[in-house]
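Number of protein chains: 2
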Amino acid sequence: MNGQTRLSWTDVRDKMRARILDRTYAPGDKLPRDEDIAAELGCARATVHRAMQELSQVGLVERKRKGGTQVRANPVTRATFDIPITRLEVEARGAKYDYQLISREIDATPPPIMARFGLRHAVTMLHVKALHLADNRPYIFEDRWVDTTSNPEILAVDLTAQSANEWLVRNKPYSRVDVRFYAVNAEGESAEHLATNPGSALLVIERTTWNGPDPITTVQSAAAPGYQLTAQN
Amino acid sequence: MNGQTRLSWTDVRDKMRARILDRTYAPGDKLPRDEDIAAELGCARATVHRAMQELSQVGLVERKRKGGTQVRANPVTRATFDIPITRLEVEARGAKYDYQLISREIDATPPPIMARFGLRHAVTMLHVKALHLADNRPYIFEDRWVDTTSNPEILAVDLTAQSANEWLVRNKPYSRVDVRFYAVNAEGESAEHLATNPGSALLVIERTTWNGPDPITTVQSAAAPGYQLTAQN
Chain A
1 MNGQTRLSWT
11 DVRDKMRARI
21 LDRTYAPGDK
31 LPRDEDIAAE
41 LGCARATVHR
51 AMQELSQVGL
61 VERKRKGGTQ
71 VRANPVTRAT
81 FDIPITRLEV
91 EARGAKYDYQ
101 LISREIDATP
111 PPIMARFGLR
121 HAVTMLHVKA
131 LHLADNRPYI
141 FEDRWVDTTS
151 NPEILAVDLT
161 AQSANEWLVR
171 NKPYSRVDVR
181 FYAVNAEGES
191 AEHLATNPGS
201 ALLVIERTTW
211 NGPDPITTVQ
221 SAAAPGYQLT
231 AQN
Chain B
1 MNGQTRLSWT
11 DVRDKMRARI
21 LDRTYAPGDK
31 LPRDEDIAAE
41 LGCARATVHR
51 AMQELSQVGL
61 VERKRKGGTQ
71 VRANPVTRAT
81 FDIPITRLEV
91 EARGAKYDYQ
101 LISREIDATP
111 PPIMARFGLR
121 HAVTMLHVKA
131 LHLADNRPYI
141 FEDRWVDTTS
151 NPEILAVDLT
161 AQSANEWLVR
171 NKPYSRVDVR
181 FYAVNAEGES
191 AEHLATNPGS
201 ALLVIERTTW
211 NGPDPITTVQ
221 SAAAPGYQLT
231 AQN
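These protein sequences, in sequence, are chains A and B. As numbered in our numbering, the first sequence has no gaps in its residue numbers, which increase by one up to the final residue, 233. As numbered in our numbering, the second sequence has no gaps in its residue numbers, which increase by one up to the final residue, 233.
No wet-lab data here; the hints were simulated from the structure. Errors might be hidden in some of the hints.
Remember, identical chains collapse to one label, so a pair may be satisfied in a single copy or spanning two.
[Unchecked claim] The list that follows gives simulated cross-link-like pairs (lysine-lysine, PhoX-like), each with its CA atoms no further than 25 Å apart:
hint	residue 1	residue 2
1	Lys-129	Lys-30
2	Lys-129	Lys-64
3	Lys-64	Lys-172
4	Lys-129	Lys-172
5	Lys-30	Lys-96
6	Lys-30	Lys-64
7	Lys-96	Lys-64
8	Lys-15	Lys-64
9	Lys-30	Lys-15
10	Lys-96	Lys-15
11	Lys-96	Lys-129
12	Lys-172	Lys-30
13	Lys-129	Lys-15
14	Lys-172	Lys-15
Keep in mind it's a predicted model, so treat the numbers as computed, not measured.
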């Protein structure tokens, strides 16, 4: 803790990254233990820990149990996306948020929905379609199924006033999620509600959540043309 | 460390998550410090630390400096994607990998490429187009620019034998990356090389990397129809 030369965690991160870039530590090499790096650099072990977390976060090193660290033999680009409540995402962009309930039905789950949850038999669920708008323009069209056996409270929620997205995120934290990104061509309903031409390429964010073994919800969110998901490291 | 009842980090994670789900700790609440949770549950502080990392990783809590933890007032869905070297991604799927260099030119950067790097003036860079194949079928078509001022070694690499993707990942770790996912309609070259109809919706992964202030590479990877990026938490 020699105040004058004490390094910040970003200093330690940059120093260790430079050593990986110049091959002092080559792909596959084990790095010294956090405490040994701390002793060498004259900083706190927690500072090294924070720096290593960052290098792990970007995919350059792998942290092992028991505090070991290894330079990744095959580095990956690690991209972390935080997908917020859609209303908050729109508002964070400085846009006015609006929401329209398109349909709300109790339906038997078709095979693709059963497959997402890993269900072997059809069950009845709440099927909701809704449109999120930013500055009066279509932003995301969502097609959602909610398991009403494990989430009966959703049946009492006024979905014309509040989106199922926001209600579920606030009230039904999940223990497991499956997230998929893919592209589809707009067609029929999605083209109509997103006010785009049939055939337009749409980015789809598909999320399926469970609480323990119980399904909560599965949603296909098709974003209006031009939408990008971005991450910086 | 009372061996008999000692909890694993997954036990601690599940216990703390259950308390968040049942609102013992409500959105926005601060959780006790790791050491206090450890004392209460009779486990090691490192066990609590690991459990909290996981709950933070899924977007349920936020870790603060100095070891504090807060239940997220607005939970997010956190999805982390590790994008490997394309050859390794194909091989991990159990498919045979092939690669074709389509073109290799020295060109002046057009405005969209300057914008990705934040350059105010055009410079000459290496412009490479290539196709990655899985089991003889088009998998990813990449359109890449490489800065040859900061990465002159790439000019000596035989890009008919080794993809720029693999060479760069192995030899040019970055200090900063910008990742974007979006959808485009296949057209001209991308449709031709991906052997799909013009207009097909394609998922694009765009990556731009720097080493300090110096550009390394920017690449638009358009995946063949049906490609999904997936993450589970």
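The hints, checked one at a time:
With identical chains, the CA atoms of Lys-129 and Lys-30 are never at most 25 Å apart, being 51 Å at best within one copy and 35 Å at best between copies. Neither within a single protomer nor between protomers do Lys-129 and Lys-64 lie at most 25 Å apart by alpha-carbon distance, with minima of 44 Å and 37 Å respectively. For the homomeric pair Lys-64 and Lys-172, the shortest alpha-carbon distance between copies (24 Å) is at most 25 Å, but the shortest distance inside one copy (32 Å) is not. Taking CA atoms no more than 25 Å apart as the test, Lys-129 paired with Lys-172 passes inside one copy only; the shortest distance there is 19 Å, against 46 Å between copies.
Proximity of Lys-30 to Lys-96 under the C-alpha cut-off of 25 Å is found in neither arrangement, the shortest distances being 50 Å within a copy and 31 Å between copies. For the homomeric pair Lys-30 and Lys-64, the shortest alpha-carbon distance inside one copy (10 Å) is at most 25 Å, but the shortest distance between copies (29 Å) is not. In this assembly of identical chains, Lys-96 and Lys-64 lie within 25 Å of each other by CA distance neither inside one copy nor across copies; the values are 45 Å within and 31 Å between. For the identical chains of this complex, Lys-15 and Lys-64 are neighbours both inside a copy (20 Å) and across copies (24 Å), given an alpha-carbon limit of 25 Å.
Proximity of Lys-30 and Lys-15 under a CA criterion of 25 Å is satisfied intra-copy only: 16 Å inside one chain copy versus 34 Å between copies. For a Cα distance limit of 25 Å, the shortest separation of Lys-96 from Lys-15 qualifies neither inside one copy, at 44 Å, nor across copies, at 39 Å. Taking the shortest Cα distances, Lys-96 and Lys-129 sit within 25 Å of each other inside one copy (21 Å), while across copies they are farther apart (41 Å). For the homomeric pair Lys-172 and Lys-30, the shortest alpha-carbon distance between copies (19 Å) is at most 25 Å, but the shortest distance inside one copy (41 Å) is not.
In this assembly of identical chains, Lys-129 and Lys-15 lie within 25 Å of each other by CA distance neither inside one copy nor across copies; the values are 51 Å within and 34 Å between. Taking identical chains as interchangeable, the C-alpha atoms of Lys-172 and Lys-15 lie at most 25 Å apart only when they sit on different chains, with a minimum of 16 Å there against 43 Å within one chain.
Violated hints, listed in ascending order, are 1, 2, 5, 7, 10, 13; each of the other numbered hints is respected by the structure.
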